[in-house]
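These protein sequence lines are chains Z and F, in that order.
So for the first sequence, this note's numbering puts the first residue at 1; every next one is plus one.
So for the second sequence, this note's numbering puts the first residue at 1001; every next one is plus one.
Hints listed in this document are in silico derivations from the structure and should not be mistaken for laboratory results.
A quick note: this is a predicted structure, and the numbers were derived from the prediction, not measured.
Some hints here could point you the wrong way.
Quick list of in silico lysine-lysine cross-link-like pairs, BS3-like style, CA-CA up to 30 Å [as the list claims (entries may be wrong)]: (1) Z:Lys154 / F:Lys1112; (2) Z:Lys317 / F:Lys1137; (3) F:Lys1247 / F:Lys1137; (4) F:Lys1003 / F:Lys1183; (5) Z:Lys62 / Z:Lys317; (6) Z:Lys98 / Z:Lys154; (7) F:Lys1112 / F:Lys1093; (8) Z:Lys317 / F:Lys1093; (9) F:Lys1003 / F:Lys1093; (10) Z:Lys259 / Z:Lys154; (11) Z:Lys32 / Z:Lys272; (12) F:Lys1183 / Z:Lys272; (13) Z:Lys272 / F:Lys1003; (14) Z:Lys32 / F:Lys1093; (15) Z:Lys272 / F:Lys1247; (16) Z:Lys272 / Z:Lys218; (17) Z:Lys259 / Z:Lys218; (18) Z:Lys103 / F:Lys1183; (19) F:Lys1247 / F:Lys1112.
For each label pair, taking beta carbons as the anchor points, the in silico distance ranges come out as [as the list claims (entries may be wrong)]: (20) Z:Val261 / F:Arg1089: 55 to 61 Å; (21) F:Asp1237 / Z:Gly260: 43 to 49 Å; (22) Z:Ala264 / F:Asp1237: 51 to 57 Å; (23) Z:Glu336 / F:Ala1076: 54 to 60 Å; (24) Z:His81 / F:Ala1081: 48 to 54 Å; (25) F:Ala1142 / Z:Gly260: 49 to 55 Å.
To be clear about the criterion: a stretch of chain F counts as covered by chain Z if any three or more of its residues have a C-beta under 8 Å from a C-beta of chain Z, and this derived list gives those stretches [stated by the list, open to error]: (26) 1008–1014; (27) 1020–1034; (28) 1116–1125; (29) 1155–1164; (30) 1225–1231; (31) 1238–1245.
No residue lacks a Cβ here, since even glycine has one placed at the ideal position from N, Cα and C.
Residues per chain are reported as follows:
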Amino acid sequence: MSKAGRFGEFGGQYVPETVMNAVNELEAAYNKYSRDPEFWAEYRRLCCEYAGRPSLLYYAEKMTKDLGGCKIYLKREDLNHTGAHKINNVLGQILLAKRMGKKRIIAETGAGQHGVATATVCALFGLECEIFMGVEDIERQRLNVYRMELLGAKVTGVESGTGTLKDAVNEAMRNWCMNIDTTFYLIGSAMGPHPYPTMVRDFQKIISEEAKAQLMEKEGRLPDCVVACVGGGSNAIGAFYDFIPDESVRLVGAEAAGKGVETALHAATVAKGDVGIFHGMKSYFLQNEEGQIAPVYSISAGLDYPGVGPEHANLYKTGRASYVPVTDEEAVCALEYLSRTEGIIPAIESAHAVAAAKQLAPTMSLDEIMIICLSGRGDKDMQQIAKYRGVNIND
Amino acid sequence: MTKNRIDAVLAQCRAEGRKALIPYITAGDGGYALTEEIVLAMAGSGADLIVLGVPFSDPIAEAPTVQKASERALAAGTTLAGIFEMMGRIREKTDIPVLLMMYLNTIFRFGKERFFSRCRECGVEGVIVPDMPFEEKEEIRAEAEACGVHSISLVTAASAGRIRMIAGEARGFLYAVTAGLEKPSSFLEQVQENASLPVIAELPASDFTHAPEQIPPCDGILLSNALVELIRQSSADSPAAAGRFVKAVRAAMNLQ
């Protein structure tokens, strides 16, 4: 990193003056507690005893044989409490919020997984919780809205813009500006102003630390390839991070190509985006020639975001990681494939990583090893997948 | 480098012992022709400086009134290039200093050097960029100064401990955001104590048009939401309505 909060040219703190003191206060608190062994001990204890870590590293033998290429392991973040990797970050940030004396937590959510994880941990710690969610996403993810409300959170619909994740971030930032003294903004992805991208990565890097140790135990060596889906990029940076210095390990991000990158309906930020400044960071964004942020589309509400975290932008620019677009159709087929092959129903987000892995694995040799980060489970997506396949499960 | 006329106008206001009046409207809300007419009407009704909002897809620092105006302007096809062309036409009719309030990505994407050269050519003498705090001001500083354009700094009620630092490197004036403050006086006094530059406060006109003695301490007033809403409601008549509104506020301020 070139300086605090920068990953090469990317990152920074491009936020309104209203939140600068809060951002600085957060940075100071994070610098303090991230050096405190007691903080990490509490984080690890909660990760184990509440969230169910370490998550399994599962050898997908049938998939391996079926694809006929490298040996495939699944890092089972879908087995965490609340069903996704999101809880790793939420536990870390809530422990920080508690130490900072904040009583009210706000968060944005797309698919609802981060919202559910936030509402869950707020319930555990008795904190007030408000989740901002685009009205379009509320429609797509009714089950998660109900879960959040059941957990005691207030879910506020955001109608502005396209009514999706970026608009939920806009509204959460506005709300933070107006309630800066009392409120902790719990960003769910490795994005936003410094220190969020670094802090969220530090709370998610447990994925790659565990996976490395688990594979070392099973195979006595490093993997050759790690594949993860990328929206803002929190599960991917978590799955990549501990392998970044290991140059033999290929890092592959799968981004949402919606109806195809040649159409207007996609969220393939790295493939089709340009460098810009938005949501507190310099990174790649889907935007028009005037710098207006583009409306994005994906079947997956969790990948439906026009930007990508700054550390990914730098991994791409420096060539350390590559990013491949995966369409809705490829992702749905991959979801069905993993369900029938391994008896594991992945989240539609994670299915993008499975689809990219299905393409890659046959091109790799039998003695090579791939890890796929299975970031979440698919229960939340059943209604939408059924609809996509023309099956009515409502009545 | 020619002297920036924002400084000259604010110095004159100070010399005359009066507060500057600075209306804000969203450029292209209702079309370029209407914006042009409104600017001319306000310039002829007692405005000292004018701030034009450049519409953005995701105005994270704006209240709903201005968010909606931004959406309308974008739907009407407003672009930065179009705003610069409109500024060229405005410059044939008035020399009132104009600032653009806009998000950093719009400048970055247009090209920083190209953007500030266009500002100089079209008579834009300042920019207010709400998503560029003190810590990131170097992003555009060199390019802005090379073209004699002021990048205006913002301070808010949440700027405790930062005002002196921000004021120390500010240009033109300090823009004090008072949104959400019931009694902005103590905040504004604190800003004035820490700044030698003029302090311009964003205030709702309804607070003082009927009670001019309640204008809090500041060197000028920026009017935004009420004016933007008035323009929306009066559509084709908005140049005359905006002119009357600015004149009424000016009169109330003169009574102080």
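Now the hints, each set against the structure:
For the hint pairing Lys154 (chain Z) with Lys1112 (chain F), the CA-to-CA distance comes to about 42 Å; that exceeds 30 Å, so the pair is violated. Simply put, Lys317 (chain Z) and Lys1137 (chain F) have alpha-carbon atoms about 24 Å apart, close enough for the 30 Å limit, and the pair holds. Between Lys1247 (chain F) and Lys1137 (chain F), the direct Cα distance comes to roughly 35 Å. Violation of the 30 Å bound is thereby established for this hinted pair. With a CA separation close to 36 Å, the supplied pair Lys1003 (chain F) and Lys1183 (chain F) exceeds the 30 Å bound.
Distance check on the hinted pair: Lys62 (chain Z) and Lys317 (chain Z) sit about 36 Å apart at the alpha-carbon level, beyond 30 Å; violated. Restraint check for Lys98 (chain Z) and Lys154 (chain Z): the C-alpha separation of about 20 Å stays at or below 30 Å, so the hint holds. Between Lys1112 (chain F) and Lys1093 (chain F), the direct Cα distance comes to roughly 28 Å. Compliance with the 30 Å bound is thereby established for this hinted pair. Distance check on the hinted pair: Lys317 (chain Z) and Lys1093 (chain F) sit about 48 Å apart at the alpha-carbon level, beyond 30 Å; violated.
With a C-alpha separation of about 21 Å, the suggested pair Lys1003 (chain F) and Lys1093 (chain F) falls inside the 30 Å cut-off, and the hint holds. Under the criterion of a C-alpha separation no larger than 30 Å, the hint pairing Lys259 (chain Z) with Lys154 (chain Z) is inconsistent with the structure, at around 33 Å. Between the alpha carbons of Lys32 (chain Z) and Lys272 (chain Z) the distance comes to roughly 39 Å, so the proposed pair goes past 30 Å and is violated. Distance check on the hinted pair: Lys1183 (chain F) and Lys272 (chain Z) sit about 48 Å apart at the alpha-carbon level, beyond 30 Å; violated.
This hinted pair does not check out: Lys272 (chain Z) and Lys1003 (chain F) have alpha carbons roughly 43 Å apart, beyond 30 Å. For the hint pairing Lys32 (chain Z) with Lys1093 (chain F), the CA-to-CA distance comes to about 58 Å; that exceeds 30 Å, so the pair is violated. A C-alpha spacing of about 49 Å is found between Lys272 (chain Z) and Lys1247 (chain F), which places the hinted pair above 30 Å, so the restraint is violated. As the CA atoms of Lys272 (chain Z) and Lys218 (chain Z) are separated by approximately 39 Å, the hinted pair breaks the 30 Å bound.
The hinted pair formed by Lys259 (chain Z) and Lys218 (chain Z) fails the criterion: a straight-line CA distance of about 39 Å is larger than 30 Å. Straight-line distance between C-alpha atoms of Lys103 (chain Z) and Lys1183 (chain F) comes to about 26 Å, which keeps the hinted pair within the 30 Å bound. At most 30 Å may separate the alpha-carbon atoms for a hinted pair to count; Lys1247 (chain F) and Lys1112 (chain F) exceed this at roughly 36 Å. Look at Val261 (chain Z) against Arg1089 (chain F): about 40 Å separates their beta carbons, and that is not inside 55 to 61 Å.
Remark: the range hint 43 to 49 Å for Asp1237 (chain F) to Gly260 (chain Z) is upheld by a beta-carbon distance near 48 Å. The hint said 51 to 57 Å for the Cβ distance between Ala264 (chain Z) and Asp1237 (chain F), and at roughly 38 Å that hint is violated. A C-beta distance of roughly 45 Å is found between Glu336 (chain Z) and Ala1076 (chain F), which places it outside the suggested range of 54 to 60 Å. For His81 (chain Z) and Ala1081 (chain F), the hinted distance range of 48 to 54 Å is satisfied, since their beta carbons lie about 52 Å from each other.
Distance hint check: the CB atoms of Ala1142 (chain F) and Gly260 (chain Z) are about 41 Å apart, inconsistent with the given range 49 to 55 Å. With 0 residues bearing a CB less than 8 Å from a CB of chain Z, the stretch 1008–1014 of chain F misses the requirement of three and the coverage assertion fails. Remark: the stretch 1020–1034 of chain F is not confirmed as covered by chain Z, as 0 of its residues place a Cβ nearer than 8 Å to a Cβ of that chain, below the required three. Here the stretch 1116–1125 of chain F counts 0 residues with a CB under 8 Å from a CB of chain Z, which misses the bar of 3, and the coverage is violated.
With a threshold of 8 Å between beta carbons, the proposed coverage of the stretch 1155–1164 of chain F by chain Z holds, since 7 of its residues qualify and at least three are required. Restraint check on the stretch 1225–1231 of chain F versus chain Z: 0 residues with Cβ-Cβ distances below 8 Å, three needed, restraint violated. Three residues within the 8 Å Cβ limit are the bar, and the stretch 1238–1245 of chain F against chain Z gives 0, so the coverage statement is violated.
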